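Participant: Work the whole structure out from these sequences, hints included.
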Amino acid sequence: MAVTAGTLQHAQVEEHEDPRESLMYDPKPRGEMNGMVMESMQTTSWKFWVVAILLSIVVVVCLFGAWGYLIANGLGVAGVNRPSYWGIFLVNTVFWVGISHAGTFVSALLRVFKAEFRRPFTRAAELMTTFGLIQAGLCIFMHMGRVWLSYWLIPYPNERGLWPNFHSPLAWDFLAITTYILASTMYLFLPLIPDLAMARDRSTGWRKVFFRILALGFRGTEGEWTHLRIAMGIFAFAILPVMFSVHTIVSWDFAVATRPGWSSTIFGPYFVVGALQSGIAAVAMVVIIIRSSMKHMKYFIRPEHLDALGKLMLVVSMAWAYFFFNDYMVQWYGGDKFTHYLMHFQEKGPLGWMWFALLIFNVVIPWLFLWNRKVRRNPALLFTIGLIINIGMWFERYLIIPVGLTINRMPFSWRLYKPGIEVVLGIGTLAFFILLYMIATRLIPIVPVWEIQEGQMAHSLRKVGKATVKSVSELE
Amino acid sequence: MSETKTLLALFEDIDPAVAAIDHLREMGISNEQINVISGIPLTERMLGRPRQWSNVPRLAAGGAVAGFLIGAFLAFITPMLYPIQVGGQALIPGPPTVVVLFEMTMLGMLVSTFIGVFLDSTFPSYRPKEYVSEISDGKIAVLFNCPADNEKAFVNALTDLKARSIVPAEVQKL
Amino acid sequence: MEIPIEESQHKWGMVIDQDLCTGCQACVTACAMENNIPFGGESDAEYGRSMQWIQVQRFWEGSYPDVRMTPFQPILCQQCGHAPCEPVCPVYASVHSRTEQINLQVYNRCVGTRYCANNCPYQMRVFNWRDYQRPDPLPNQLNPSVTVRRRGIMEKCTFCVQRIKHAEDQAKSENRLLADGEVQTACAQVCPSNAIIFGRLDDPESRVSILARNGRALQMLDYLGTLPSVTYLKGA
Numbered sequence: 007m008a009v010t011a012g013t014l015q016h017a018q019v020e021e022h023e024d025p026r027e028s029l030m031y032d033p034k035p036r037g038e039m040n041g042m043v044m045e046s047m048q049t050t051s052w053k054f055w056v057v058a059i060l061l062s063i064v065v066v067v068c069l070f071g072a073w074g075y076l077i078a079n080g081l082g083v084a085g086v087n088r089p090s091y092w093g094i095f096l097v098n099t100v101f102w103v104g105i106s107h108a109g110t111f112v113s114a115l116l117r118v119f120k121a122e123f124r125r126p127f128t129r130a131a132e133l134m135t136t137f138g139l140i141q142a143g144l145c146i147f148m149h150m151g152r153v154w155l156s157y158w159l160i161p162y163p164n165e166r167g168l169w170p171n172f173h174s175p176l177a178w179d180f181l182a183i184t185t186y187i188l189a190s191t192m193y194l195f196l197p198l199i200p201d202l203a204m205a206r207d208r209s210t211g212w213r214k215v216f217f218r219i220l221a222l223g224f225r226g227t228e229g230e231w232t233h234l235r236i237a238m239g240i241f242a243f244a245i246l247p248v249m250f251s252v253h254t255i256v257s258w259d260f261a262v263a264t265r266p267g268w269s270s271t272i273f274g275p276y277f278v279v280g281a282l283q284s285g286i287a288a289v290a291m292v293v294i295i296i297r298s299s300m301k302h303m304k305y306f307i308r309p310e311h312l313d314a315l316g317k318l319m320l321v322v323s324m325a326w327a328y329f330f331f332n333d334y335m336v337q338w339y340g341g342d343k344f345t346h347y348l349m350h351f352q353e354k355g356p357l358g359w360m361w362f363a364l365l366i367f368n369v370v371i372p373w374l375f376l377w378n379r380k381v382r383r384n385p386a387l388l389f390t391i392g393l394i395i396n397i398g399m400w401f402e403r404y405l406i407i408p409v410g411l412t413i414n415r416m417p418f419s420w421r422l423y424k425p426g427i428e429v430v431l432g433i434g435t436l437a438f439f440i441l442l443y444m445i446a447t448r449l450i451p452i453v454p455v456w457e458i459q460e461g462q463m464a465h466s467l468r469k470v471g472k473a474t475v476k477s478v479s480e481l482e
Numbered sequence: 304m305s306e307t308k309t310l311l312a313l314f315e316d317i318d319p320a321v322a323a324i325d326h327l328r329e330m331g332i333s334n335e336q337i338n339v340i341s342g343i344p345l346t347e348r349m350l351g352r353p354r355q356w357s358n359v360p361r362l363a364a365g366g367a368v369a370g371f372l373i374g375a376f377l378a379f380i381t382p383m384l385y386p387i388q389v390g391g392q393a394l395i396p397g398p399p400t401v402v403v404l405f406e407m408t409m410l411g412m413l414v415s416t417f418i419g420v421f422l423d424s425t426f427p428s429y430r431p432k433e434y435v436s437e438i439s440d441g442k443i444a445v446l447f448n449c450p451a452d453n454e455k456a457f458v459n460a461l462t463d464l465k466a467r468s469i470v471p472a473e474v475q476k477l
Numbered sequence: 000m001e002i003p004i005e006e007s008q009h010k011w012g013m014v015i016d017q018d019l020c021t022g023c024q025a026c027v028t029a030c031a032m033e034n035n036i037p038f039g040g041e042s043d044a045e046y047g048r049s050m051q052w053i054q055v056q057r058f059w060e061g062s063y064p065d066v067r068m069t070p071f072q073p074i075l076c077q078q079c080g081h082a083p084c085e086p087v088c089p090v091y092a093s094v095h096s097r098t099e100q101i102n103l104q105v106y107n108r109c110v111g112t113r114y115c116a117n118n119c120p121y122q123m124r125v126f127n128w129r130d131y132q133r134p135d136p137l138p139n140q141l142n143p144s145v146t147v148r149r150r151g152i153m154e155k156c157t158f159c160v161q162r163i164k165h166a167e168d169q170a171k172s173e174n175r176l177l178a179d180g181e182v183q184t185a186c187a188q189v190c191p192s193n194a195i196i197f198g199r200l201d202d203p204e205s206r207v208s209i210l211a212r213n214g215r216a217l218q219m220l221d222y223l224g225t226l227p228s229v230t231y232l233k234g235a
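Chains as they are written, first to last, in my numbering: chain Z, 7 to 482; chain S, 304 to 477; chain X, 0 to 235.
Bear in mind the hints are in silico, worked out from the structure with no lab data behind them.
Pairwise CB distance ranges (calculated):
hint : chain 1 : residue 1 : chain 2 : residue 2 : range
1    : S       : Thr425    : Z       : Val336    : 53 to 59 Å
2    : Z       : Lys53     : S       : Met330    : 55 to 61 Å
3    : S       : Val474    : Z       : Pro35     : 23 to 29 Å
Cross-link-like lysine-lysine pairs, in silico, BS3-like; alpha carbons within 27 Å at most:
hint : chain 1 : residue 1 : chain 2 : residue 2
4    : S       : Lys432    : Z       : Lys214
5    : S       : Lys455    : S       : Lys465
6    : S       : Lys476    : Z       : Lys214
7    : S       : Lys465    : Z       : Lys34
The structure presented is a predicted model; accordingly, all values stated were derived computationally and were not measured.
Ideal Cβ positions, reconstructed from N, Cα and C, are used throughout, including at glycine.
Facilitator: Okay, here's the thing in structure tokens:
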């Protein structure tokens, strides 16, 4: 990843390439950029409202309505059975936790590696983390048999005389996801404060009251910037091990079990890389939608950013293929007979098409197309590839969880899993994610303008011999 | 004791602002009497200002320790409060303990870093302060206390140094 | 020294003789009666939601027309010594009992994550997928010593722990020790061919201990290290 960032930073300017195509070399006065961001936040077309209302209806019916039905009638209305006690609820949980790794990757990992192309979309990615984790949490609650007692997982002194069982990966999940969602939201909020102050200065009416309260009285004094910068530095480094640990702990829900196909020691890094793959693909999708649907965003999000995201998608796809093959090879070669029954079922059973689709979507398509610069820079194509990768990753988790559970060491229990109300609820969480995101884009500035101005200040063109080269200074 | 007045000089760019700060120091204003407010972070090295101290790193470290202690309580003490045998594993299992300690340490560190920003910057604070909205539009404001009777000299000096405007700093509701 | 019955640690175990089992499923019926197991219904049972704490599993080998039945396999919770279902429950609903050396399912603690069922290698945990109806006069048949479970709770064979506790209480009040064969699980009590023997494995002279040392004895999935308390006799 560092090599990629370095290559992008010090690329020579081609004869025909205008450096002003690049956001960092096309600076605008801060006031003008502020105005653009405020306008994009406050402009809503009728299409926005139609989509928002439709999504709200879907959320009310497919999420809250269906969930109430599930709680009242029990897990019997879902598709889970013996032996697939976990089904699409857990697939969706792992999927949403994977999506949530996008934000941390962009705003923390790319910041640590000083990849300048991250600047316009760090906040857009971090929003995905917070909202993705909300959906993951909802999916976890949905799969519980007695969800009204789920507070028993919170470690606090109580009159029941019992604390949570810390032998259990689910208790680790609780701690890890709580840590991650709090850390992520705090990391979303800290760089947002100066932009909230800017919005406060440029708003009137209820918006001004809203921003005034949230901006906490920020002015931009030296002391305030110092504390903020130090805190952001600590967060950027510290949230990375948290990010790695969260999906590793989620993978341990499966890896510590005694089931064939689950008890694999590679699951930790395999799941982390899988999360990065679906996360980065999802960032690309969201960024493309923001670019095409919000005013002025074509100034901030340019083909160069799509290009960089496309390259990341290709590299992570290769890493994913490496881990997938590690898992596959070891099971194929040295697995016991039940592991082999499971592999046979996954590849040649009724859902064998899903296994092949998984490989085509996650490996073949990225490797075939993302080499091409034109494809990476084309929003429609990159969006399609991102969507295909996400579908492939969803298939991967479906193959691991309900299909993996179908074949176990007691053949009398083998039964096909047929999804029930989980499908409706999954659509509900997707609609909820999109709805929350749409609301957020109109409530807070989606682009961190101060970081863009800071970046533009650090970038300059200088002459080395006869060549004009791009140059980035370290202002910290 | 002569009266002091607080003036706010607004600059377009960093170089005139730095020249102004140097000039103010030459004219006898000490560093504590000067405050620089900007729309992007400008390091003290760029501005030629004394080092800014922050409690955030110490609070982060303290929070990490607090988190570790809470994790240690959850991992070591709670199993002993009501011992239950599960799965033939030891009462205080090794690897799960590492997980619990790690997560709680990170949580403690990050929450206290966040709270540290609030404490150090005294957020939230909604009382009126010296500020102009041009700052968030990218201008750099130099806020300083000068003797009231010498106000004109400062105004002239800074105008010569290309200040966009120099006004008495008005405490306004943000 | 006499150890009071309450603090005594017995290790309860079972031997199932597959060569004697006729596949009549009286054990399944008796278990359901004793433990207030609801009727799941035909479509649920077909979908893998059968409410059976003990199952008589049937297999065949060969292909048509040379199809042969293999011995019936009554399988229930193996009450593992190192039960994989125990460490994974986040709320300690699946715990190991020190006094009976079996795996306890604490109904009122279960929040229904079903991790225990995923981790059971024998797949013998039963989940309440719905609130099952008991049309009149079925509620009259309920055993008052056993909780009736609502939806969202995991359950499984308990080695009729209510009978064990009752017998131990009885023996203590009569100031005597438990005799071998005094405690019978419902399935052992009703089996017409005496294929199920229940007793104390910590008593080397009890019938179940003697049978567990038989030449035909084997334990299911023992290579996993679960230390099951159920021994099967097969291969006459």
